[in-house]
Amino acid sequence: MKKLLITMTVNDEQFDLMVRPNETLTETLRERLGLTGVKEGCAEGVCGACAVLMDQHPVRACLTLSMEADGTSITTIEGLASDGKLHHLQESFINHGAVQCGFCTPGMIMVSKALLDEKPSPTDDEIKEALSGNLCRCTGYKKILEAVRSTTQIDPKKGA
Amino acid sequence: MRLPAFDYYSPTSIENAIQIKNEFGGSAVILAGGTDLIVNLKNRVIAPSVVISLKNLRELRKIDLAGDSLVIGAGASLSQVACNENVQRHFPILVDAIKHIGAPSIQRHRGSIGGNLCLNPRCLFYNQSFFWRKGKGSCLRTGGKTCLALEKAESCQAICSADTAPVIVALSGQLTIVGRAGSRSCSAQEFFTGKGETPFNLGPDEILTEIRIPIPWAPISSSYKRLSYRSAIDFPVINAACVATFEQEKIFRFRLVVSAAGPAPITLKDLESTFIGREPSQELFSEAEQAAVRAVEGIVVDNSIASKQYRVKMAGVMARRVTQSALTASRR
Amino acid sequence: MANPDYHLIGKSLPRIDSAPKVSGEALFTGDLNLPRMLVGKILRSPYTHALIKTIDISKAKALKGVHAVITGQDTAGEKWGVFKYTRDQQLLCVDKVRYVGDEVAAVAAVDEETADEALDLISVEYEELPGVFDCFSAIAPGAPVIHDSHPRNINVAVKIEVGDVEEAFKKCSIIREDTFAADEDSYFMMEPYAVVANYRSDGSIEIWMPNASPHTKAKALSNALRIPLTKVIARKITIGGAFGGRSDVFPAEFITCLLSIKSKRPVKVVYTREENSIATRMGHAMTTTIKTGVDKEGRVLARDIVSYLDGGAYSSTGPIATSVPFLCHEQTYRLENVRFHGYRIYTNKPVRGMIRIHGRSFACGIDTQLDMIAQELGIDPITIRLKNARRPGETTATGSYVSSCGLVECIEKTAAKSDFINKFNNKKPFHGIGIGINSVQTGFPLGIRGGSQALIKFHEDGGATVISGVVDNGQGNDNMLVQIAAEELGIPVEEIRLISADTEITPTDAGSYSMISTFGGGNAVKRAAADARRQIFEIASELLEADPEDLVAKDKKIFVRGAPHAGIPMEKIIRKSLLIGRPIMGTGSFSPEVDQRREWVSNPRGQLSQAFSFGATVAEVEVDPETGTVKAHNVTCAQDCGFALNPMVVEGQFQGGVAMGGQGGMLTEAHHWSQGHVLNPTMLEYKIPIIKDMPNIETIIVESIDPVGPYGAKEAGMSIAMSAAQAYANAIGNALGIYFNRFPLTPERIFDAIENRKSGIETAWDLEPARVIEFDK
Ligand SMILES: Cc1cc2nc3c(=O)[nH]c(=O)nc-3n(C[C@H](O)[C@H](O)[C@H](O)COP(=O)(O)OP(=O)(O)OC[C@H]3O[C@@H](n4cnc5c(N)ncnc54)[C@H](O)[C@@H]3O)c2cc1C
Ligand code: FES
Ligand code: FES
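Top to bottom, those sequences are chains W, X and D. No gaps in the numbering here: position 123 of the first sequence is 123 in our numbering, and each next residue is one more. No gaps in the numbering here: position 285 of the second sequence is 285 in our numbering, and each next residue is one more. No gaps in the numbering here: position 387 of the third sequence is 387 in our numbering, and each next residue is one more.
It is possible that part of the hints are untrue.
[Unchecked claim] Straight-line C-alpha distance at most 16 Å; calculated EDC-like pairs for lysine to aspartate or glutamate:
no., chain 1, residue 1, chain 2, residue 2
1, X, K308, D, D116
2, X, K99, W, D125
3, D, K692, W, E146
4, X, K134, D, E25
5, X, K99, W, E126
6, D, K291, D, E336
7, D, K692, W, E126
8, X, K134, D, E125
9, D, K387, D, D419
10, D, K457, D, E409
11, D, K692, W, D125
12, D, K556, D, E495
13, W, K85, D, E25
14, X, K99, W, E129
15, W, K3, X, E287
16, X, K134, D, D116
17, W, K2, X, D7
18, D, K692, W, E129
19, X, K134, D, E336
20, D, K692, W, D124
21, X, K136, D, E128
What the hints contain is simulated information worked out from the structure, not anything from laboratory work.
Turn these sequences into a full structure, and let the hints guide you.
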């Protein structure tokens, strides 16, 4: 099992990495790049804690071979803040009490971001549909829904 | 959970892919989106020495009209299929089935239509970790001598759990399969062998390249429904698809497929002739229900979270509901 | 409710721990990475019940990259138990395994692949024994015995009898006996279990793991490892949920320490999701037979209850787990004549602990039966509950005085908001409405006793650091402590740092189980802050030439009441205190007043807990009668949490409770089995709720202002989880006119009950009753 070279852009930074063919994106991001905001809750595609964006789309890092990510652009929770300022989704999760233990939070936010990038003003049903692949055991989801919903009505003058 | 060791190839042409597949035969597996394969690899239910990725095969991702058929490349992602104009126009039932798969963030962009049709049939005694299976002993599909779900079973009873399987069968899809000897065509129904160990009509050197669905000459009525305990992240307990065309107010063509019952989707063949010329009625819907129950009764075994008895009854309910919904919906 | 006297308390402030969590910065145990760290893996029994004949580790030891291999031989058969009399779990099995998942050996290696390979190289020869997998077969004469010390596999037997039950039954106008059962449920906290241990050359060991009590863990490890407690250091780490499932001590902690000691390197063990399910804890399966007698008005005069709890292979919190369902019930309802027999029974299944809706069959049984009785009497569910509900100033059957209690208000408010009576009387087909009520303890002694202590020190810029032993499992304890300190000290939340749950630094705390954190830890911090404020005011009074009594601390300033403009900045006072050699250090401690003589089995009498919380939930559902599937539309829940320190956090607890207790706990969550092997160890087939299926949730905060809780606060969320389960059960029953007695109500079960509908006021299924066990000794 030879290691193979891949090139990935992760959070806007380009990396050339030698990875094992059987390495998952979770392993590469967490263990090689130290991006431990990518959580592993089940390792089998069920929980959504490992969700990252691959070329803007949400994927399960635990179900993705790093080889498949060769040439793509990956965004993790660590890549959302810019200039030391949290992304408005992150702010909104904080302000709405959508975070309890926080283990599901990175995945929730990444999937929400993909939704909002594609559809800036989703309906409640669309938010629920998009987040239906992310499990949270703490919140009962209500405040998560409220947090995402509120960012769809952001008044640009007032800021996040 | 780590993946077992394997070598990885990402061929750039179908010929090249076939070549590799041929070279390694049964010990090479195809990786499309990997949303099923990776889990099975982690659980060591399959242990290939080679993984062949389809990621560089652009030709497998095309969706085109060709003559009187819609041709969907096996590698097309589920979102590509669901968002395709022609699919939406001609086969909304397929869009509906895709919407039920897992959850948008799991499969829509990674999962492929080919991978969905080739979804490894599922069983509560098989889709478990290596550790789990060690305690129970091997089953027929993992090299053992008995089926853990049904003691006397001669072959593996795992469940065809793909959402699109009954739909493609109901739409009379034809699958294109390419191997060393070239390309062949096989009806979707024949593609499913009904044997859990070798669930698909696919040689060790072959891959599924496209799904051809004949465009009906008359508007079709169709319906897909599935029962599950959660409305996402859940395989179907039972699913069913119904496709019909009418002439005047009478049924002209009718096809009802029930799945997630056994290793292959089950087409209720008899109804295809007996329903012709009739008008939709409660009586007809009940006949569909009874026929479905009869058809699955000998097939369903206790290998899912839901019990055998319940699944049998629900096969009837789902069959009745899709029949009623297809036959009373507006036609397209 | 906003109290004008408080400027931070009672407000919905964002939690202090949220920012690191949304940015991905927060580290959970599995995220830790120490230099030279090894990967640890545990070899587990694949069998339900077997003797260990031989273990050969030679090949594993010889594998390149393996630094330590351990078996029971390395542990001297050391056993763990919450109580002295329940020490029955070997930290590594020596002679026998008792469930699939029991720890047999462990390795530490340079990477996961090597560790996996090493596990494969360990050969264990087992002699399989017949197993028992449910309570009734386990207590049958001649059944295989799991622990030789416990004939008939009876692990714990609790008996409580108050009043004259037989006499009281004679006075009843209606008597019913019904049996209720529930399958095992599970925590499925999102973070899988993990442990990091770091043994150091000075003989001390650091350990990180999700836990509900670092001090308890350290103590247990110190005993087992024979390392002085001072040198066993449980460190603070972010924790991804607990729900009762992180309270106990697990062999993995001990094993990881041992691997680190042997290899002289840090070791990390991360559980797979399956291991988290089978080898931490899961909920008990339970059968409860309830005999209730009421008078003509529906007042309960007598009750006789027998419960069997399937405890799995070891004791864990057994005596507590056996008693708590009854105790919650005796807090909720007035009972003068009551008898309870609780048996926790060993089976060859994973070990069971306390879970958020511990004892579903008990609570749902009580409330379902109450609805049946109400139906017989022709009264509605609200009326019968109000007749029997606990009021403040009363004493429970086993002698706990209830000082604050807003149960009646919870019932009335949920009923009013949901328009209960109207919907109950004008039912739409297949739509149903139901109510459940419950109560939980706010802190009870769990093996170790003791309260919480806190320290507060100050920085020269006027900021402060709070030091507390309280652990945060995700519920928001860190924020609670800081919000209290900020209120008391008049320092903004952002300028207070928190050091918590680190046994090297922080003073003792009994742990965050049993809903004690706010009551105990919150009070300790409040007292420490008051102590610091007193010292601050002393200095300020000299500077301001005012009486300390007249001073106010607000906005980082100390001023005479009514004259905020003439205040002294906090930093000035802190510097002054250093200058004059009177540095300020606040200390505070709090120990709840409970009856120390009370013991779970030998003396279940006396004050159990100093406060109790109460809740009521109403659920509105719609059932598809052809498939048995349920759609929950609305849930209205109210809880008397004493006082809501942070309403946003409290609401979040309620909403989470509805998801886990009602939506999951009553509709889908159950483990399925095949001869002791769990068929759904992962959350694909163990169906925890998803966002799409959640009902609309209305939350009502009821505040009874407990006389002892900090600002009157008690506990938030637990009584919602349980009452939500009861409400769902009754709502589904109401939708169909069926009284369900097996939980959870999966579509399959509901469908079965519809198909085999009984006539009259009967439970849906005839279940084998739990009976008093006669000991033939
Ligand atoms: C949590 C979770 C929930 C899920 N829920 C559902 C669900 O509700 N319904 C459902 O149908 N599925 C579900 N799935 C399974 C799976 O994600 C989908 O079926 C998906 O469509 C599979 O597509 P893929 O491209 O990812 O397949 P892959 O995993 O890449 O492949 C699946 C199988 O097909 C073979 N294969 C793929 N392409 C070809 C080809 N062109 N020729 C020959 N063989 C091929 C692979 O070798 C493999 O054995 C779920 C999976 C997860 C992890
Ligand atoms: S860790 Fe990837 S989905 Fe759970
Ligand atoms: S906040 Fe704990 S799992 Fe979502």
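Now the hints, each set against the structure:
{"no.": "1", "hint": "K308/X - D116/D", "in the structure": "37 Å, violated"}
{"no.": "2", "hint": "K99/X - D125/W", "in the structure": "14 Å, holds"}
{"no.": "3", "hint": "K692/D - E146/W", "in the structure": "14 Å, holds"}
{"no.": "4", "hint": "K134/X - E25/D", "in the structure": "38 Å, violated"}
{"no.": "5", "hint": "K99/X - E126/W", "in the structure": "12 Å, holds"}
{"no.": "6", "hint": "K291/D - E336/D", "in the structure": "14 Å, holds"}
{"no.": "7", "hint": "K692/D - E126/W", "in the structure": "10 Å, holds"}
{"no.": "8", "hint": "K134/X - E125/D", "in the structure": "14 Å, holds"}
{"no.": "9", "hint": "K387/D - D419/D", "in the structure": "19 Å, violated"}
{"no.": "10", "hint": "K457/D - E409/D", "in the structure": "41 Å, violated"}
{"no.": "11", "hint": "K692/D - D125/W", "in the structure": "8 Å, holds"}
{"no.": "12", "hint": "K556/D - E495/D", "in the structure": "9 Å, holds"}
{"no.": "13", "hint": "K85/W - E25/D", "in the structure": "14 Å, holds"}
{"no.": "14", "hint": "K99/X - E129/W", "in the structure": "10 Å, holds"}
{"no.": "15", "hint": "K3/W - E287/X", "in the structure": "59 Å, violated"}
{"no.": "16", "hint": "K134/X - D116/D", "in the structure": "15 Å, holds"}
{"no.": "17", "hint": "K2/W - D7/X", "in the structure": "8 Å, holds"}
{"no.": "18", "hint": "K692/D - E129/W", "in the structure": "7 Å, holds"}
{"no.": "19", "hint": "K134/X - E336/D", "in the structure": "53 Å, violated"}
{"no.": "20", "hint": "K692/D - D124/W", "in the structure": "10 Å, holds"}
{"no.": "21", "hint": "K136/X - E128/D", "in the structure": "12 Å, holds"}
Checked against the numbered hints listed earlier, the structure breaks hints 1, 4, 9, 10, 15 and 19; every other hint is satisfied.
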